[in-house]
Amino acid sequence: MTTFYYLLQQLINAVSIGSLYALMAIGLAMVFGILRLINFAHGDLIMVGSYTALLLLVAGLPFGAAALAGIAASTLAGLIMERVAYRPIRGAPDVSMLLTSFAVTIFLENAAILLFSPSSRPFPAPPFLTRALEFGVLRIASLDLIAIVVAGILLVLLTLFVTRTMAGIAMRAAAQDLLAARLMGVNVNRVIAYAFAIGSMLAGVVGLLWSARVGKVDPLMGFYPVLKAFVASVIGGLGSLPGAVLGGYVLGTLEILLQGLLPPALTPFRDAFVFVALIILLLFRPNGILGTTEREKV
Amino acid sequence: MKTYLGSMLVVVMLLASACVMPVTPAPAPAQPTAAPAAPIKIGVIYNLTGAQASLDAPSANGAKLAAKEINAAGGVLGRQLELVLYDGKTDAATIGNAATQLVESDKVVAMMGFSDTDMTLAAAPIAAKAGIVFVTSGATSPKLPEQVPDYLFMACFGDNVQAAAGAEYAYNTLQAKTAYLLIDKGMEYTLLLGKYFKERFTELGGEIVLEDTYQTGDKDFSAQITKLKGLATIPDILFISSGPDDVGTIVKQFRDAGLDKPIVGGDGYDTPLLVQIAGKGADNTYFTTHSLMDPELGTEAVKKFIAAYQAEYNTPPENAFAGLGYDTVKLLADAIRRAGSDDPKAIREALSQTKDLPGVTGTITFQPGSRIPQKGVTVILVKDGKFTLAAEVVPQKVPAP
Amino acid sequence: MAAKEQAGQASRLASWGSALVLIALVIGGLVATELVASAYIQRVVIGLGISIILVVSLNLSNGFTGVFSLGHIGFMAIGAYTAAILTLPISLKQVNLPDLPSWLARVELPFLPATLIGGVVALLIAFLVGLSLMRLSGPYVSVATMGFLVIVQVILINWDRMTRGARTFSGVPPYTTLWWVWGWVALTVYVVSRLARSAYGRQMIAARDNEIAAQALGINVTRARLLAFCISAFFTAVAGSLWAHFITSFSPKAFYFAQTFSVITMLVVGGMGSVSGSIIGTAIITLLSEALRNAERGMNLGLIHIPPVYGASQILMAVIFVLVIIFWPKGLLGDRELNLGRLFIKRRREVS
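Those sequence lines, one after another, are chains A, B and C. Note that the working numbering has the first sequence beginning at 641, numbered continuously upward. Note that the working numbering has the second sequence beginning at 11, numbered continuously upward. Note that the working numbering has the third sequence beginning at 542, numbered continuously upward.
Any given hint could turn out to be false.
Listed below are several chain B residues computed to face chain C (Cβ distance under 10 Å; list not exhaustive) [said to hold, decoys possible]:
(1) 59
(2) 60
(3) 61
(4) 63
(5) 103
(6) 114
(7) 131
(8) 135
(9) 138
(10) 197
(11) 201
(12) 236
No lab work stands behind these hints, which were simulated from the structure alone. Where is the CB? At the ideal position from N, CA and C, for every residue including glycine.
Using the sequences and the hints, build the whole thing.
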């Protein structure tokens, strides 16, 4: 395999994984923008959606229906989470909200362990997702292509939503200045609900793609994705939607690049290098690549 | 007001904890000879929650099933067997506390548990200090017995044994002269397995052409695959030292990349996830394990066990660890029977003299002076998506621990 | 006016008095535990002490300076491995760490020096890391410190010459006793309280509450944060060494996210910015979770048999955590210290 094809292959890997990270990061960024809340439990939304889809698939439903149900389940779970755990503490210091999201995560994960047993269960993805397409020397998993295409479509739809619809514009207003938005008559509760709903829906989609890629689901499966999403958001700049997308692709590319290009003695240190790169980035741009310098009003 | 409430809450919670916690050790139970009805207590610690639960929960189920069967048949020495079960929560401090409670409050006469070295080492020294044996059902590091002298026994073969069996099978039966080695750097089990395989395989005359590593939980192996495909000739076999959670993904990606040489591994492959995730790719994969858990192709003991497990828990045994937990209880019961009493020292003596005890996962014999059982290694070949018996191997030579 | 002065003096006297009584009670409690309590209770008390050191030192960074570090367990790992490598008997070193550099392979230190060295190594690393990180704030510093945790984990797993990589590090001499742990607890609490009450402490709190105003007052925010970060790293590493010599065998995975969450839970429940809050929060969580762990094994209440529900204790702890955050968002004690003197004075006033 020539270097060119090798690089192309890795590029596709990077964009594919980057798409998943980007979709997740958007969910986090949306909620952070308005509430200044980093929702660690976002990862468990992936888990909720995947298990719902899995149970329905095993029960015999066609993949399309199960997938939709999974996404719906994630969305619902996100809305319930907002109503039950986060609304009561709105206005609390940022740190408290972060910690509450930890607690919600622990709760959901242990509940899943009790309900579903801690072992992984295989995810019976349909053949169209698991096939590998061949273009000459290149082997591309159809999953990668689908991830890229789905992410692209969703991003376009999202952009239209936040720029063209009243609800979307209201969300951006709330993210910019919550108090002013409220004074302007924006229904803050509804806007926050929208943010959670959209973010959770995206998490549901990521859940399906992730489960198909890895081939199995388990109660703790949301942990690493949400960590990556968190890092991706920070890279791009917390609270910025384009930043989240950018951060997702940068992180995906960085990971694949390091895995492929590091000399064999150093490949085990890949994750360390990713974080070193992150820290260096933060030194030069303390608020991420696209983050606005958030200065407190004195 | 809130501070007052806060402090009241504190006081209430502390009082509540004090009530529920066992503060003083329970009074000593009756002496063995006095009350014939007093149960024989065996301490059981498994990680029923936390990261290790997928291995330990089936082990605990197997253990409970064995105890149930033994008691239904009249118990041991006319007394019922009581398994005192604690959840280790995959946390060393909790495990230490649980082991201490078992020794002090529950006054068990033997202890068992765990499928992992770290966990075992958190509990076994406490048992040993109290003169009580600890039998690990699933930890396979052959270095364990020397780390807890005299009292730590293993119920399964060591990784050096299964790696040697794998190497000999690959060299002699599969006629492999060259090999590729991929090791998970994040687990003791996989590190040791890979090391012992390399040692035995090169000793036999084989050559490791390329060695590579990955981290537990990695999802993407394209870099490693690309390096392998860059070789002039692909080696005869691919030895991939992996745990159960990653093996399906790895095999799938390797096969999808067009690598169809035989893949060889250890008992980490013994999971339904291998075939479920890798699909057709799992074919032409060999691995060493404790027994073939198949309701049609397994031994008589295996078939009975699968049926009983299914009846009790509404699911077939999730993996071989269920069988290991089952065998460990039977192993202890047999030792107690031969010791003729529940004195911990006598149990230890009898245990070390176990000979040819049939079990679900093989026949157990402890050679004099060794606390790792001599058990045959089952080599399984995945064919048409099913586990089939390739061979039963007793390695001729085993690398030192 | 005179009455107020008198009340003030009385309150200070009462504080001192009650502090002495408290110390006497604690020492008495420890003696009792050592002599009378079961080995199990002794283990719980030792574990409690180690947790208190972890939480109080984390509070110095997270609570007092507002730098919410998610990576402190990395320092615990550094302390644990450094001290354990130093105290490991030479014969075991040859077996378990055959590739250790020769100057280390010949060394076998007693407990205190090894622990101190572990602490100092962590402090130096904290200084280097902190130089770059303390300029960040809010979620950015949290993510960066989390990065530190991951980096430490990766290094531990891969630097097998020194750490045995992912394999179990066993054979650590069991040096930790009740007195060692609680001696360090006393020292940690003393240092952190004094620091919090000192000029430096006031600078830290000022910087936490309003960074811009503090800078306007001439406070070097970064320096204050760095000091807190380094000192807290020192004590966290000491706790790591104590833990290593208590559990006696461990591997890198013990120093990762699970341990991080459990320490943060205790910190939050007690109240960030309050030393007595940390102690109380840790005590509540530790004792409560032990109690729940015993309860979840099933109970016999007279005729009713409650079956075991393993994992229930973790869920209950999470629920309690959420409740505490909702009703006491700043923790049970917030950022006030427990002032026993005032409690007594209040009662006297009510009586008259």
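Non-conforming hints, listed in increasing numerical order: As far as the earlier hints go, 9, 12 are violated by this structure, in ascending order.
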